[in-house]
Amino acid sequence: MNRTSAVAAKPVVPQDGDVGTTVPQVASPRPNVTPPVREKIRTEKLTVFYDGKEAIKSIDLSIPEGMVTAIIGPSGCGKSTFLRALNRMNELIPGTRTTGKVLVDGINIYDPAIDLPTLRKNVGMVWQRPNPFPKTIWENVAYGPKCLGVKSKAVLDDIVEKSLREAALWDEVKDRLHSSALALSGGQQQRLCIARALAVEPSVLLMDEPAASLDPISTTKIEDLMAELRGKYTLIIVTHNMQQAARVSDYTAFLLMGELVEFDVTERIFTRPKRKETEDYITGRFG
Numbered sequence: 337m338n339r340t341s342a343v344a345a346k347p348v349v350p351q352d353g354d355v356g357t358t359v360p361q362v363a364s365p366r367p368n369v370t371p372p373v374r375e376k377i378r379t380e381k382l383t384v385f386y387d388g389k390e391a392i393k394s395i396d397l398s399i400p401e402g403m404v405t406a407i408i409g410p411s412g413c414g415k416s417t418f419l420r421a422l423n424r425m426n427e428l429i430p431g432t433r434t435t436g437k438v439l440v441d442g443i444n445i446y447d448p449a450i451d452l453p454t455l456r457k458n459v460g461m462v463w464q465r466p467n468p469f470p471k472t473i474w475e476n477v478a479y480g481p482k483c484l485g486v487k488s489k490a491v492l493d494d495i496v497e498k499s500l501r502e503a504a505l506w507d508e509v510k511d512r513l514h515s516s517a518l519a520l521s522g523g524q525q526q527r528l529c530i531a532r533a534l535a536v537e538p539s540v541l542l543m544d545e546p547a548a549s550l551d552p553i554s555t556t557k558i559e560d561l562m563a564e565l566r567g568k569y570t571l572i573i574v575t576h577n578m579q580q581a582a583r584v585s586d587y588t589a590f591l592l593m594g595e596l597v598e599f600d601v602t603e604r605i606f607t608r609p610k611r612k613e614t615e616d617y618i619t620g621r622f623g
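Numbering (my numbering), first residue to last: 337 to 623.
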């Protein structure tokens, strides 16, 4: 699948004396973004505290199933905190407290009865910097299924191949599966980490600046991969790159100072934002 939208520089009518401001432009809205769409995740008054201070504040947001949702906003606005709240990874940070609800398929993941390993299997995470285990490529991908009780070598081989194919990495590594994952390039390592997440069959994949540390060619491969995974998985990405958000996402949420300012179809966010703060951010007046 090719990416279905492209970005160009669109002139914006200058305001308050601004000259030459540009905004990322989505070439055309995606035809299958239109309602109805099934809700995959809903947050209700989601608030996260670090040492008693609010990092994100009472966020209500409905995230559609099978789509790519981008979270944008200036540094320190709470993007990564929000993302980590969707599979309770913030709990690994001392001094963190969360209130409100996160419903995944209608189930509140902050219910005390929730099994965290099962949650994090279903809602996987890919970090900004590739973090392969210091093991072979095969062992990296097989690790999760083995932890879940898969023992058959033949079954594990099938899972490894399927996951690497889904991550668009199989053809590049199929002849060196038992070589160290640390010998891969940065872009290959990131796709390996995506394959590792896919190997346990999540329904949601959280991606925190997945291409921020990669070169342009590797970034393009990651973006193409997102387009391939879209539909089968619900993808939620944090990005500081507004052009990237416009290229890959169906929906975009704009956060500012820990608050959700605006959420809409990506094409509307970048061409007809409802809030002045959103327009000011995407046109580069701050950020």
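These are computed hints drawn from the structure, not numbers from a lab.
Wrong hints could be hidden among the right ones.
Unchecked claim - Derived lysine to any residue pairs resembling SDA-like cross-links, with alpha carbons at most 25 Å apart:
#1 Lys557 with Leu484
#2 Lys610 with Arg374
#3 Lys568 with Lys393
#4 Lys612 with Thr383
#5 Lys471 with Ile450
#6 Lys482 with Lys510
#7 Lys498 with Lys610
#8 Lys393 with Arg378
To be verified - DEER-style ranges, computed between Cβ atoms:
#9 Ala548 with Lys487: 30 to 40 Å
#10 Asn467 with Val491: 53 to 63 Å
#11 Arg512 with Leu484: 24 to 34 Å
#12 Asp511 with Lys487: 56 to 66 Å
Glycine is no exception: its CB is placed at the ideal position from the N, C-alpha and C atoms.
Do Asp511 and Lys487 keep their Cβ atoms within the hinted range of 56 to 66 Å? The hint (56 to 66 Å, Cβ to Cβ) is violated, given that Asp511 and Lys487 are roughly 26 Å apart.
Holds or violated: Lys568 and Lys393, Cα atoms, limit 25 Å. 31 Å, violated
Sort out whether Lys510 lies within 25 Å of Lys482, counting only the CA atoms. 20 Å, holds
For a C-alpha distance cap of 25 Å, please report whether Lys498 and Lys610 respect it. Judged against 25 Å, a Cα distance of about 43 Å means the pair is violated.
Given the hint that Lys610 pairs with Arg374, does the C-alpha gap stay at or below 25 Å? With a Cα-Cα distance of about 24 Å, the restraint between Lys610 and Arg374 holds, given a limit of 25 Å.
How does the Cβ-Cβ distance of Arg512 and Leu484 compare with 24 to 34 Å: does it lie in that range? 25 Å, holds
Hint consistency between Lys612 and Thr383 [alpha-carbon to alpha-carbon, up to 25 Å]: 24 Å, holds
Holds or violated: Lys393 with Arg378, Cα cutoff 25 Å? Cα-Cα ~15 Å, so holds.
Is 30 to 40 Å a correct range for the gap between the Cβ atoms of Ala548 and Lys487? 37 Å, holds
Within a Cα-Cα threshold of 25 Å, do Lys557 and Leu484 meet the stated pairing? It is violated: about 30 Å lies between the C-alpha atoms, which goes past 25 Å.
Verdict for Asn467, Val491 (Cβ pair) under range 53 to 63 Å: 25 Å, violated
Straight-line Cα separation of Lys471 and Ile450 no greater than 25 Å? Violated. Lys471 to Ile450 sits at ~31 Å, over the 25 Å cutoff.
In summary, the structure is inconsistent with hints 1, 3, 5, 7, 10, 12 from the numbered list given earlier, while agreeing with the others.
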